[in-house]
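As a plain string of letters, each chain reads:
Protein chains: 6
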Amino acid sequence: MPEVVTLGETMVLLNPINTGPLKYVSHFVKQIGGAESNFAIGVSRLGHSAGWISRVGQDEFGKYIVSFIRGEGVDTSQVKLDKEAPTGVYFKERYENGESKVYYYRKGSAASRMTPQDLNQDYIASAKFLHVSGITPALSESCHQTVLEAIKIAKSKGVKISLDPNIRLKLWSEQRAREVIMEMLSQSDIVLPGQEEGRLLVGTDDPVKIANKMLRAGAKIVVIKLGEKGAYYATEDKAEFVPGYSVSKVVDPIGAGDGFAAGFISGLLKGWDITESVRLANAVGSRVTQVIGDVEGLPTMEDIEVFLGRKKGVER
Amino acid sequence: MPEVVTLGETMVLLNPINTGPLKYVSHFVKQIGGAESNFAIGVSRLGHSAGWISRVGQDEFGKYIVSFIRGEGVDTSQVKLDKEAPTGVYFKERYENGESKVYYYRKGSAASRMTPQDLNQDYIASAKFLHVSGITPALSESCHQTVLEAIKIAKSKGVKISLDPNIRLKLWSEQRAREVIMEMLSQSDIVLPGQEEGRLLVGTDDPVKIANKMLRAGAKIVVIKLGEKGAYYATEDKAEFVPGYSVSKVVDPIGAGDGFAAGFISGLLKGWDITESVRLANAVGSRVTQVIGDVEGLPTMEDIEVFLGRKKGVER
Amino acid sequence: MPEVVTLGETMVLLNPINTGPLKYVSHFVKQIGGAESNFAIGVSRLGHSAGWISRVGQDEFGKYIVSFIRGEGVDTSQVKLDKEAPTGVYFKERYENGESKVYYYRKGSAASRMTPQDLNQDYIASAKFLHVSGITPALSESCHQTVLEAIKIAKSKGVKISLDPNIRLKLWSEQRAREVIMEMLSQSDIVLPGQEEGRLLVGTDDPVKIANKMLRAGAKIVVIKLGEKGAYYATEDKAEFVPGYSVSKVVDPIGAGDGFAAGFISGLLKGWDITESVRLANAVGSRVTQVIGDVEGLPTMEDIEVFLGRKKGVER
Amino acid sequence: MPEVVTLGETMVLLNPINTGPLKYVSHFVKQIGGAESNFAIGVSRLGHSAGWISRVGQDEFGKYIVSFIRGEGVDTSQVKLDKEAPTGVYFKERYENGESKVYYYRKGSAASRMTPQDLNQDYIASAKFLHVSGITPALSESCHQTVLEAIKIAKSKGVKISLDPNIRLKLWSEQRAREVIMEMLSQSDIVLPGQEEGRLLVGTDDPVKIANKMLRAGAKIVVIKLGEKGAYYATEDKAEFVPGYSVSKVVDPIGAGDGFAAGFISGLLKGWDITESVRLANAVGSRVTQVIGDVEGLPTMEDIEVFLGRKKGVER
Amino acid sequence: MPEVVTLGETMVLLNPINTGPLKYVSHFVKQIGGAESNFAIGVSRLGHSAGWISRVGQDEFGKYIVSFIRGEGVDTSQVKLDKEAPTGVYFKERYENGESKVYYYRKGSAASRMTPQDLNQDYIASAKFLHVSGITPALSESCHQTVLEAIKIAKSKGVKISLDPNIRLKLWSEQRAREVIMEMLSQSDIVLPGQEEGRLLVGTDDPVKIANKMLRAGAKIVVIKLGEKGAYYATEDKAEFVPGYSVSKVVDPIGAGDGFAAGFISGLLKGWDITESVRLANAVGSRVTQVIGDVEGLPTMEDIEVFLGRKKGVER
Amino acid sequence: MPEVVTLGETMVLLNPINTGPLKYVSHFVKQIGGAESNFAIGVSRLGHSAGWISRVGQDEFGKYIVSFIRGEGVDTSQVKLDKEAPTGVYFKERYENGESKVYYYRKGSAASRMTPQDLNQDYIASAKFLHVSGITPALSESCHQTVLEAIKIAKSKGVKISLDPNIRLKLWSEQRAREVIMEMLSQSDIVLPGQEEGRLLVGTDDPVKIANKMLRAGAKIVVIKLGEKGAYYATEDKAEFVPGYSVSKVVDPIGAGDGFAAGFISGLLKGWDITESVRLANAVGSRVTQVIGDVEGLPTMEDIEVFLGRKKGVER
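These protein sequences, in sequence, are chains A, B, C, D, E and F.
So the first sequence is numbered by our numbering: it starts at 1 and just counts up by one.
So the second sequence is numbered by our numbering: it starts at 1 and just counts up by one.
So the third sequence is numbered by our numbering: it starts at 1 and just counts up by one.
So the fourth sequence is numbered by our numbering: it starts at 1 and just counts up by one.
So the fifth sequence is numbered by our numbering: it starts at 1 and just counts up by one.
So the sixth sequence is numbered by our numbering: it starts at 1 and just counts up by one.
If you are wondering where the hints come from, they were derived from the structure by calculation, not from laboratory data.
Hints are supplied without guarantee of correctness; some may be wrong.
If chains are identical, the list can't say which one is meant, so a pair holds when it fits in one copy or spans any two.
Said to hold, decoys possible - Derived PhoX-like pairs: lysine-lysine, alpha-carbon spacing no greater than 20 Å straight-line:
no.: 1; residue 1: K107; residue 2: K83
no.: 2; residue 1: K170; residue 2: K107
no.: 3; residue 1: K209; residue 2: K170
no.: 4; residue 1: K229; residue 2: K107
no.: 5; residue 1: K101; residue 2: K155
no.: 6; residue 1: K155; residue 2: K23
no.: 7; residue 1: K128; residue 2: K249
no.: 8; residue 1: K170; residue 2: K311
no.: 9; residue 1: K229; residue 2: K249
no.: 10; residue 1: K209; residue 2: K249
no.: 11; residue 1: K170; residue 2: K128
no.: 12; residue 1: K83; residue 2: K170
no.: 13; residue 1: K270; residue 2: K249
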């Protein structure tokens, strides 16, 4: 049974070979995209067992997603193949200036049909952490209920709950996002917002104020991601700014937040204190931005040692 | 105002570069697919004006579809760009033995939201033919109503109605397909079924019996497509088997039926009799099978002359 | 009948997939290139009707060019398919430092065989603007005569003439270019030179002096393109520097001048004054540089609103 | 602990995009190739647990191989990452007439350094079958010892041994191959030769004679693969020819033998008799030849039902 | 100084990645094409020294051609780089049924500007064979004069002249082709026509009659290529049909004629008699058809031994 | 006989199409890589004859390497095709931040089997320069002996010896590299180290000190490459810093050192003094960094004139 359990949707991503408007793009590469599976792969690569709960369509895209994630060492025994609904897909549109758009084809997807009955109580109960994101409740009402049920199980079994708000305004309104995520936050041990998410959820992008408001709302540990600058965390007892690692150039920021979460939870699993765990989170997040792709840059502990200069890398 | 008007959904097709299960395919090429737009392009290439009524999403894929079809010389002035719904997409899975599967992402697509209000009465009224297929009524109830309304307008204005059954069992049940298409058929002047469609609609794959049953059901001209063998047609007065053109090898059969319909209607537009028009339909259909792609092989009249050996082709 | 009419050659561009000397490049992508058709597409995208007069070979490349341009909403009814001559093609050689070379295969191309007889007097007469460039007269003597004849028709019918010098020293000598273009300029209402073109034509790259000299030579409105800085314009009565829009990085400058011209003429067509029209020209030109390709970045009026921050873009 | 355990080398395959001499090929696709891992994936897809024992280099190619095979559902807990030696690679050269050559870069590869110490006795002991091939002993003397040790462990624990001769004359001489493989055969319960392998090992390609000679040499069940014709098997008590399944065209024969072995062992694991198991083996082998790639065509039990016409496939 | 000298144009070929009309093809691969350079490469691969006389543009395409041909072992010391004219290029259009079209951009190319002054008398004089084709005189009048001058030099120095008619009706009329090539034939020692070329030149496709008419016209050895059937040759004294080598499937016929010529001349250079030389020609021609590309399948003598089964190929 | 002779290994390089860990890369392009052949190509392009001595496997990769290098104008008459060993290959792993790793498959390669018997004494004796690198002695003991023998021959015949240390720590230890290369240096006329190589060989990265120590060790001319800054050289009599040429951006540094060496030796061959020759070396090295690839950017003398602004380039 894995040490960390997460749940959420992973879709097939059709990534254009060229930048510019999709009207003029001729070729696409098939990849996968999913915040929670990125997180699980990140935890696995850092040396801990992770499990990913989801539904995919019983189709080629669903099989691809499961093989990919299982191949990365994540337990996929709790993933259901749904005969009635397709695997979600989405298209990216990338621009040379770094901007991008996404086009979702996920309405009515297999993952949006997750229900509380999909949850294996023992599976969650035997974990140390349950990690959830604000994407899942936005997918459908049954997904919303599923994530609440998972939180309830975890809570009743003493499993710590970690929440990454991951607000996607393409999926719901600001107001609805705020209501639902604040409700989840009130049940969570750990919250990992960015500054913009702080503004949307508690009306301020000041890290100290975000932390205070979220602690008051029920969270036990709040870690605010500040990008290249690092992160600020606060608990009832303690608060600290932990500086980040400077990198020459952010090559691809996507996936950095998932890596940050994986680093932080992995630090805690190693028995490290919060400061040390945030430091690991910062390092993992930084390294992810150095490689194109969501999971390609997720480091092993050995990569981290090299990244931090504590260990010499392989002769290049 | 075009001589021929048609309506239906066109989607973006993601065509895999390699054969085999999509799980193992890495690259896809963007193309388009739509039976009615194939038909319209076919008519246009044979020298007649054609108009295509539809909805696409107000997104890059919708713009791509409209530019492609307009580029081929079809009037797209009646196509609405829908801000509320995406352009439909689908994926093909191709096998070396010629088999293929499709994976649709078209539920709730822009085209599925067509309504009778989308129809411009004068536009239809000024045409000589309205061409419809059995795909459109399967997309949604509002699409069903739209195609019925188009037929009603045409009928009231003396515009001839041509129907290609095009039964897609991925979209509805056999029984529902039969009911709806037979209802449309009863209003149509021309019906262009294949043998298998005959079996599904009137319970026999014998061309003579199909023709008789469909004439009795209200059609004026029934032309049954017999693949490489040619076609059999019947009216109240007359019936004839028109032999096809032998080709060394069928390279890609997709789109041949649309080309057949384009050839037949174009023949009638030229004032040819039914036999001559079926001959043209056979020639167009055969030629389409010689080239990969739905519209790439659609011929001009000059290509047809060369194909039939009546004229020498360009020095190769 | 279109509001704006233009004429010129469009070729098939073979664009290498990789940078570096063509000797070592293995793959090329087929695209199109033509200053005047870029302009027409730009006008069409900004909401006005545009027509493009030309010749292409009656070959696959010619058909491709016509379909592409018609697909973008430009009227191509005046394009002749020439059985006797091929469509022109050219190859680009691109370097990482932004430099590029072109290799033309356009001598004796279909477009170089345009003659005054190709012109439909009524077609030009019913337009509000005729847009010409300094490329066409350099293609052949019959092209030279054709462009002069088009100017003559426009002039006699009260159609305003707009001239983009577009000097290509690969096609003719500096001296011949100067003679011919200054002759055209003397007949033009609007001239849209760059600074370097000013130097070649009137011997100075000072915007004020260029404007004065060109006004004296017969132009009514002179707009000098100053790249990212913006543009300077002058008429008999008025002169003004209109600042440009700063962009983080010029991704691809090709096509910016054509976009500028499309923006300016579209502004005038909307009834805007010169300053407002130059502002639109600046915005269109800037936006084109943000996207790879000549026409891929040409904006709609809605894109311009978003670009200028007057309207919120689609959620990305 | 898996029901079936196998061991052997898997390499990264660089597969040319085009046919013809590699001198003129510009692009290669990265895939994997390994007879024993094909077998394990085949068993897994047919619904049984399988484990693959091996070594790969602690490099990107080694990680790729492990992720791929684990992704397909095979247990890879016994795979060692070797810091001292690289993962083997090989290149294919394919011709239009179906011929192919391979170029190995596997001398001194990580897998060639497997030793008896790599074997986990309990892991093998808890399986029902150990599957070995004649490739492994040809890789190195330590590999030879490893496979012998694995056989010894299996024998002592009552685990059935299955042997696929898989003779590769690029790796050793005919005589050495014969000596070593016949020695292994004498310890095996099941042998699965082709006819040509029969000739090399026991001097005849007559199925009946091959079977008799191999039974006399110590095997308990001999199944001779006869390609599209099917297979012939014999035990002490019984012998039978089991006809194959005709397919329209063999698209890619590579991997058919591995699929055959996977089908046969899976049949036995299901408790089927030999005839039924050979029938499954025939079906699996046939289906593999219908899809390009070694593992892409390996079927699930449901695919088999469809293939045999016992069940209707998904609507295509 | 090479044993065999040839002269002619080699162009850059832009070969589409996909079949079908070029209008719909997006990517092209750069290759080279030239009958005489194919011949020279063929001779070189069979173990004899060959030199190729030509002009290419002093541009990247010209450098590519020279490097490619020199890389294959052909002497290119007599190739001029022309600063005033570009290297010729052409596009292929390929169809699934094996048909193809070409689109030339070679008018005014560097090679078409060859003049008699380009010829180095000593270079030709020291060879044993001069090989010419009927393409060169069709390129331009100066090319015509150049090939006549080369023949004159050869004749005066006792160098044997070999002629491959290679009639290209895209370049000139039948009548002009007949006049010029028959004039060249009257000066030639060896002529290597196909049957269709026989019909165009001497009005019959009967091999015996072709041979007789050409012998009477001045040729010393006439070898008529009969495709897979083999070849028929005749001299004053002797005539024989030499059967060809059956191959399972002709993969790509282009270049087979050039390979045939290379095989025949190489046979004579080895001191073989005509029958033996035709046998080699047949074998080389057959083998070329087994591999895609003009030169990719040109064999070494060792390949020929393997092809004829006289020697065992490398273990595949 | 060439003016410059060099010897060393050239391998086939499999270059990934995308950046990032090879685990996730799907496509590779075939190229070649070899310091000494880069040098020879560089010399050839600067107008001097160069010969490259080596072994490659008698396989498709070996043939590719020989054709490529011969195509670039280098004499390959001394290259042996080895039937017993394969051509070496290597893979690159490239990152967006400019870092890269290599994975070698060269142990036991054909080139590593070079022996002193491979050397043709007359071939070396007739050259003006023998150029060697510190890579060759690291490949095998027989390679070490071969390079020593080549040096001995050169020395005895008055051929000047030029040494590029080219230290590869993947192939041997620092200490062994130092011993062997310093031994070679003691026999050399010219040494061309970088600063880091200076540190490894003589314990300092100060150019003046490196030069002094190497002169004392036996070298006659020491030229220390200082990257974009230029180079410092010293002889017994003279020492000078020669500034480099500033370039806007280093696109690809690989091959710059080989180009530097080619430029320096070519300068000496032209009879220029050391300062002038270093200037040419600087220019060649700078230009190589402006183009992706090892040899793609190697300039002709005309390119150098343009690069230095002494001559106008072709109209772009």
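Do the hints match the structure? See the list:
1. For a Cα distance limit of 20 Å, the shortest separation of K107 from K83 qualifies both inside one copy, at 16 Å, and across copies, at 16 Å.
2. For the identical chains of this complex, K170 and K107 are neighbours both inside a copy (12 Å) and across copies (18 Å), given an alpha-carbon limit of 20 Å.
3. In the homo-oligomer, the alpha carbons of K209 and K170 never lie at most 20 Å apart, since the shortest distance is 27 Å inside one protomer and 53 Å across protomers.
4. Taking the shortest alpha-carbon separations for K229 and K107, neither the intra-copy value of 37 Å nor the inter-copy value of 44 Å comes in at or below 20 Å.
5. Taking the shortest Cα distances, K101 and K155 never come within 20 Å of each other, neither inside one copy (37 Å) nor across copies (45 Å).
6. In this assembly of identical chains, K155 and K23 lie within 20 Å of each other by CA distance neither inside one copy nor across copies; the values are 48 Å within and 38 Å between.
7. In this homomeric assembly, K128 and K249 never come within 20 Å of each other (Cα to Cα): the closest approach is 35 Å inside a single copy and 47 Å across copies.
8. Proximity of K170 and K311 under a CA criterion of 20 Å is satisfied inter-copy only: 18 Å between copies versus 43 Å inside one chain copy.
9. In the homo-oligomer, the alpha carbons of K229 and K249 lie at most 20 Å apart inside one protomer (13 Å), although the nearest pairing across protomers, at 24 Å, exceeds that limit.
10. Taking identical chains as interchangeable, the C-alpha atoms of K209 and K249 are never at most 20 Å apart, the minima being 30 Å within one chain and 36 Å between chains.
11. Taking the shortest alpha-carbon separations for K170 and K128, neither the intra-copy value of 32 Å nor the inter-copy value of 43 Å comes in at or below 20 Å.
12. For the identical chains of this complex, K83 and K170 are inter-copy neighbours only, at 14 Å across copies versus 27 Å inside a copy, given an alpha-carbon limit of 20 Å.
13. In the homo-oligomer, the alpha carbons of K270 and K249 never lie at most 20 Å apart, since the shortest distance is 30 Å inside one protomer and 44 Å across protomers.
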